[in-house]
Amino acid sequence: MRVERQFTKSGKSAYDGLNFRKTTSEIRNPDGSIVFQLKDIDVPAAWSQVAADIIAQKYFRKAGVAKALKKVEENDVPSWLWRSVPDEKALEKLPEEERYGSEIDARQVFDRLAGTWTYWGFKGKYFDTEEDARAFYDELRFMLATQRVAPNSPQWFNTGLFWAYGIDGPGQGHFYVDPFTQKLVQSKSSYEHPQPHACFIQSVDDDLVNENGIMDLWVREARLFKYGSGTGSNFSALRGEGETLSGGGRSSGLMSFLKIGDRAAGAIKSGGTTRRAAKMVVVDIDHPDIEQFISWKVKEEQKVAALVTGSKIVSKHLKSLMKACVNCTGTGDDCFDPDKNPALKREVRAAKAALVPHNYIYRVMQFARQGYTNLDFPVYDTDWDSEAYLTVAGQNSNNSIRVSDDFLRAVEQDSDWDLIGRKKGDVIKTINAKELWESVGYAAWACADPGIQYHTTINDWHTCPEAGPINASNPCSEYMFLDDTACNLASINLLPYRNSNSTFDTKSFEHTARLWTMVLEISVMMAQFPSKSIALGSFNYRTLGIG
1 MRVERQFTKS GKSAYDGLNF RKTTSEIRNP DGSIVFQLKD IDVPAAWSQV
51 AADIIAQKYF RKAGVAKALK KVEENDVPSW LWRSVPDEKA LEKLPEEERY
101 GSEIDARQVF DRLAGTWTYW GFKGKYFDTE EDARAFYDEL RFMLATQRVA
151 PNSPQWFNTG LFWAYGIDGP GQGHFYVDPF TQKLVQSKSS YEHPQPHACF
201 IQSVDDDLVN ENGIMDLWVR EARLFKYGSG TGSNFSALRG EGETLSGGGR
251 SSGLMSFLKI GDRAAGAIKS GGTTRRAAKM VVVDIDHPDI EQFISWKVKE
301 EQKVAALVTG SKIVSKHLKS LMKACVNCTG TGDDCFDPDK NPALKREVRA
351 AKAALVPHNY IYRVMQFARQ GYTNLDFPVY DTDWDSEAYL TVAGQNSNNS
401 IRVSDDFLRA VEQDSDWDLI GRKKGDVIKT INAKELWESV GYAAWACADP
451 GIQYHTTIND WHTCPEAGPI NASNPCSEYM FLDDTACNLA SINLLPYRNS
501 NSTFDTKSFE HTARLWTMVL EISVMMAQFP SKSIALGSFN YRTLGIG
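Counting in the UniProt record's numbering, the final residue of the sequence shown is number 547, and the numbers go up one at a time with none missing.
I should point out that these hints are in silico values taken from the structure, not numbers from a laboratory. As the structure is a computational prediction, the values presented were derived from the model and not from experiment. Keep in mind that a hint or two might mislead.
[To be verified] Only pairs whose alpha carbons sit at most 30 Å apart, straight line, appear in this in silico BS3-like list of lysine-lysine:
(1) K303 / K352
(2) K188 / K89
(3) K226 / K70
(4) K507 / K9
(5) K299 / K312
(6) K352 / K323
(7) K125 / K183
(8) K352 / K340
(9) K188 / K125
(10) K70 / K58
(11) K125 / K12
(12) K123 / K507
(13) K71 / K183
(14) K183 / K226
(15) K429 / K303
(16) K12 / K123
(17) K89 / K39
(18) K93 / K22
(19) K125 / K70
(20) K9 / K89
(21) K434 / K423
(22) K429 / K259
(23) K22 / K12
(24) K312 / K323
(25) K22 / K70
(26) K532 / K507
(27) K345 / K312
(28) K188 / K58
(29) K319 / K303
(30) K39 / K62
(31) K319 / K340
(32) K183 / K62
(33) K188 / K507
(34) K319 / K345
(35) K93 / K62
(36) K226 / K62
[Said to hold, decoys possible] What follows is a list of derived Cβ distance ranges for each label pair:
(37) K71 / K12: 52 to 60 Å
(38) C464 / N29: 44 to 52 Å
(39) D418 / S508: 52 to 60 Å
(40) W461 / D418: 23 to 31 Å
We treat Cβ as the ideally placed atom computed from N, Cα and C, and that holds for glycine.
Using the sequences provided together with the hints, build the complete structure.
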């Protein structure tokens, strides 16, 4: 392809004419203590402090960036596109603690992103000439620096770490299709083929431990969460509670397994270096466990309310019981006997009236008898990231139900609706469609879940219907396509294309859209994926999103 220059000039830096400034980025707790701080970072002068904070706190590589680098010669690639690795000899001359560190200049990020895309594009013969590749590289860096376009977060997190700095690690179970041999390959590296896709849709079979089964899905999800991507799955293939198993037993049901995935996602989001786990759970409206699924988060939110209210009530009464024991003027064990300590008797009655568990009431008296004067009982709050919410289930996914036109007609006609077994296809239960629909509305009012996905309409708009139905979406639901595919995204900021006379710069916009479509296409070629099927599906369909 030919690449024309719209924003840069040949022979000059992509940043020519752009000013950069030094700033400090930090995060503070409400008490003023510093959680994160990075001083003397360089960002474009036109950027807001919010933009500077985002790139510093989220997108700068925080460790492993060598202070001295050297190029690795490669045939059929121009020298300016050779990848870099740490220069061990040069690093030996530096104090050990100064040899590696963080990215501190936004240009480092722009260079590693644009350089990696150009490198893979050159190897894939996307450019007619080397000058076209150079123009591509410069134009992308300029657009990133001027906030005209931004790729999805996994690009910022992962792309270019191997190419720019030689940062790598052992394979994590990913696969990719070699673009030159067209063969499926298991990746031996963490970053040589990065994970640049944000949006995944994964299938799951009604199998416990085999490939593409339930436990395998948690592993595949972990591969995605680790590198900052999100995933969605339709779990309707899983048997409902009480359905028969091949060994003669009964299935524990869909919900028991969803709780495992919820905990796994919560653990990864809490310890991750990129961002929270992003997960979509979809269930068809005719699944035997659909009623439990609809009310799942409603009940968990009610548990939070009980924890918050109950903890405050219990804490108040236990402290009053302790105070009655400590402030007693009696002698010996009389202070700890309600029959001999009127204040304690009054507090015991009040605690029982407030439904404080009896064992807690008597535990306080025993505690005080041993000489303790204070009691620590935690009080919970309704903050979304509080201990109360960490205690309950269902907080780490977006939940959606998949409704068909047949179901909506049943609602309109106030008719019955059958819940269907997953293996035999028999009717497990028959319920009133309108009542089920009302429960969906109540749940959405109570806790904002579940969302609705209109299965029939979505598949009416399907662009590849012969390849199979669309069953689910990514967590944000802007990507709806076949199971076991992935989409990488980029967003164009329209304001820079508004001329001073309020007209739209169509030529520059078309140029931008063309180049960034190339970026996303090249990203498919260079990427690795969490499973064989996704590697094949994404390579074949090459789904991308730009808007």
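*Structure versus earlier hints, numbers of those that do not hold, lowest first*: Hints 20, 26, 32, 33, 37 contradicted; others consistent.
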